[in-house]
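Asker: Make the full structure from the sequences, and use the hints.
Number of protein chains: 2
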Amino acid sequence: MKVGVFDSGVGGLTVAKSLYESRLFSDIVYYGDTARVPYGSKDQNTVLRYALEAIEFFNGVDVDFVVVACNTVSVVALAQMQQYSNKPVYGVIEPGVLALQQRQLDKNDDRILVIATKATINSGEYQRRIEALGYGQVIARATPLFVPLVEEQCYQGPILDAVLQHYFADLSAHAITTVVLGCTHYPLIAQAIAAYFNGALTIHSGEAMVAWLQQQLQLNAHFDKTRVTIYASENVAAVKRVAAQWGLPLQSDAPAK
Amino acid sequence: MKVGVFDSGVGGLTVAKSLYESRLFSDIVYYGDTARVPYGSKDQNTVLRYALEAIEFFNGVDVDFVVVACNTVSVVALAQMQQYSNKPVYGVIEPGVLALQQRQLDKNDDRILVIATKATINSGEYQRRIEALGYGQVIARATPLFVPLVEEQCYQGPILDAVLQHYFADLSAHAITTVVLGCTHYPLIAQAIAAYFNGALTIHSGEAMVAWLQQQLQLNAHFDKTRVTIYASENVAAVKRVAAQWGLPLQSDAPAK
Chain A
1 MKVGVFDSGV GGLTVAKSLY ESRLFSDIVY YGDTARVPYG SKDQNTVLRY ALEAIEFFNG
61 VDVDFVVVAC NTVSVVALAQ MQQYSNKPVY GVIEPGVLAL QQRQLDKNDD RILVIATKAT
121 INSGEYQRRI EALGYGQVIA RATPLFVPLV EEQCYQGPIL DAVLQHYFAD LSAHAITTVV
181 LGCTHYPLIA QAIAAYFNGA LTIHSGEAMV AWLQQQLQLN AHFDKTRVTI YASENVAAVK
241 RVAAQWGLPL QSDAPAK
Chain B
1 MKVGVFDSGV GGLTVAKSLY ESRLFSDIVY YGDTARVPYG SKDQNTVLRY ALEAIEFFNG
61 VDVDFVVVAC NTVSVVALAQ MQQYSNKPVY GVIEPGVLAL QQRQLDKNDD RILVIATKAT
121 INSGEYQRRI EALGYGQVIA RATPLFVPLV EEQCYQGPIL DAVLQHYFAD LSAHAITTVV
181 LGCTHYPLIA QAIAAYFNGA LTIHSGEAMV AWLQQQLQLN AHFDKTRVTI YASENVAAVK
241 RVAAQWGLPL QSDAPAK
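Going down the list, the protein sequences come from chains A and B. Following the working numbering, the numbering of the first sequence begins with 1 at its first residue and continues without gaps. Following the working numbering, the numbering of the second sequence begins with 1 at its first residue and continues without gaps.
Be a bit skeptical, because a hint or two may be false.
Given that identical chains are not distinguished, each listed pair holds provided it fits within a single copy or across any two copies.
Computed cross-link-like contacts, SDA-like style, restricted to lysine to any residue with a CA-CA straight-line distance of at most 20 Å [to be verified]:
#1 Lys-118 to Val-236
#2 Lys-118 to Ala-169
#3 Lys-240 to Pro-158
#4 Lys-2 to Glu-234
#5 Lys-240 to Ser-41
#6 Lys-225 to Pro-144
#7 Lys-87 to Val-63
#8 Lys-225 to Ala-200
#9 Lys-118 to Gly-136
#10 Lys-118 to Glu-151
Simulated from the structure, these hints should not be mistaken for lab results.
Answerer: Set out below in structure tokens:
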């Protein structure tokens with residue numbers, strides 16, 4: 001089984017890493033649109049156009065389906081990508097919402113915070129889907145500054161503390177129990193976010209996607225080796241460096257079976 | 001006299017504002033590549049390609065010359081833009097360096113800090129030109145986090161303080177006297193930067209460009225009204241909102257003479 005992973009830049013490597021660690025795939029083909037990153041602060045029409053260009057790319061690549069790692073793309077362009085794709089395309093929103101449900105916390109006691117880019121939050125997609133499950137206490141907040149912080153590797157320290165305070169100071173009284181990390185960059189600072197909310201659970205798109213694929217596609221293969229190939233619209237070398245930093249072994253490190 | 005202003009996004013509005021306030025121009029035509037912003041963390045080849053597409057745009061626009069407000073583009077692509085343009089193209093680096101010279105501080109006592117994007121700092125262009133003037137004490141530092149902070153309107157407060165500390169804590173012993181703001185976003189936080197360095201002078205690309213144009217082109221017109229027209233590769237309404245926030249009157253506010 002071969003999977004394609006699309007993201008606006010390097011953030012989706014967190015999803016690729018979960019797919020890698022699942023051992024469910026023989027091949028992962030990653031494409032990051034690094035020449036036009038970020039998407040989260042851009043127009044819906046612009047994101048849609050870029051997303052359809054990514055589908056052009058994957059239409060010519062030998063994978064069984066495509067995972068859209070980027071939350072912004074998943075809320076803005078998924079239906080159209082599915083329409084123009086010659087293979088199935090799956091977004092991260094539904095898996096994230098399913099993962100929320102599977103924690104089996106009491107819906108009345110669970111106070112959920114969704115954090116994501118402006119585009120994702122403004123779409124209201126997460127909020128609608130979570131409320132549709134019967135959760136009454138859902139707070140959504142755009143937290144765009146986390147993205148450049150992660151890209152500058154500020155995973156902890158006074159800047160991150162100041163930004164957490166900036167976004168969340170008014171939520172301390174809400175006793176948040178679960179935080180949906182609605183942007184692929186956020187898992188890198190999941191520890192700091194969980195600590196800020198006194199050990200709240202965090203929902204990670206990559207882990208959620210693996211669980212969802214296993215359930216939906218009845219996947220149960222096991223590959224000892226997974227071949228990871230990385231493409232990018234610019235500076236693929238930089239994407240490979242980040243992948244290595246984030247613990248994702250590349251093709252040269254993990255030869256095919 | 002009509003001037004075109006090119007920037008990767010909204011940052012160049014700080015330069016457009018200086019041009020507006022100079023009263024030297026009847027028309028300012030601004031183009032921001034908001035669909036692909038930011039440039040400062042991207043590849044040289046990518047920035048060059050985008051810059052030449054901007055020249056295509058300005059080749060079809062009725063202006064007398066084009067000002068490249070973006071420092072990154074000015075260091076990476078100026079010569080090629082001049083080659084493909086059907087009118088003169090001026091970058092912000094030379095004006096910035098000239099402004100430094102005109103302060104008439106003693107070169108031996110002047111301790112200069114240049115801050116800019118990674119692309120601008122890595123090019124070494126500012127450093128080379130400033131050192132060529134005989135300044136011995138030049139420190140250059142990439143400060144990319146300032147850009148998203150300005151875009152989130154964090155012009156002061158604990159996040160900005162933490163970021164200033166992050167970038168500059170080790171410079172406190174250097175008694176910086178002058179800071180070259182080598183990115184169009186930085187004038188918005190010039191006060192905080194000057195305060196951090198105990199009242200250091202700041203060099204602002206927009207003001208430097210006006211002084212340089214006056215000197216180079218012997219401009220001495222005076223227009224009571226300046227018509228400002230804004231174009232963007234996406235979401236021109238958002239650019240106009242930022243222009244209004246930053247105090248740049250738009251066409252509807254300032255009808256042509």
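Asker: State for each hint whether it applies.
Answerer: Cross-check of the supplied hints:
1. Taking the closest pair of Cα atoms, Lys-118 and Val-236 come within 20 Å of each other only across two copies (17 Å); inside a single copy the shortest separation is 27 Å, beyond that limit.
2. When the C-alpha separation of Lys-118 and Ala-169 is checked against a cutoff of 20 Å, the pair qualifies only within one copy, where the shortest distance is 19 Å, while the shortest distance between copies is 32 Å.
3. For the homomeric pair Lys-240 and Pro-158, neither the shortest alpha-carbon distance inside one copy (29 Å) nor that between copies (34 Å) is at most 20 Å.
4. Taking identical chains as interchangeable, the C-alpha atoms of Lys-2 and Glu-234 are never at most 20 Å apart, the minima being 24 Å within one chain and 35 Å between chains.
5. In this assembly of identical chains, the alpha carbons of Lys-240 and Ser-41 lie at most 20 Å apart only when taken from different copies (16 Å versus 25 Å within one copy).
6. Taking the closest pair of Cα atoms, Lys-225 and Pro-144 never come within 20 Å of each other, the shortest separation being 36 Å inside a single copy and 38 Å across copies.
7. In this assembly of identical chains, the alpha carbons of Lys-87 and Val-63 lie at most 20 Å apart only when taken from the same copy (8 Å versus 48 Å across copies).
8. Taking identical chains as interchangeable, the C-alpha atoms of Lys-225 and Ala-200 are never at most 20 Å apart, the minima being 34 Å within one chain and 57 Å between chains.
9. Proximity of Lys-118 to Gly-136 under the C-alpha cut-off of 20 Å is found in neither arrangement, the shortest distances being 22 Å within a copy and 45 Å between copies.
10. For the identical chains of this complex, Lys-118 and Glu-151 are neighbours both inside a copy (18 Å) and across copies (13 Å), given an alpha-carbon limit of 20 Å.
Checked against the numbered hints given earlier, the structure breaks hints 3, 4, 6, 8, 9 and satisfies all the rest.
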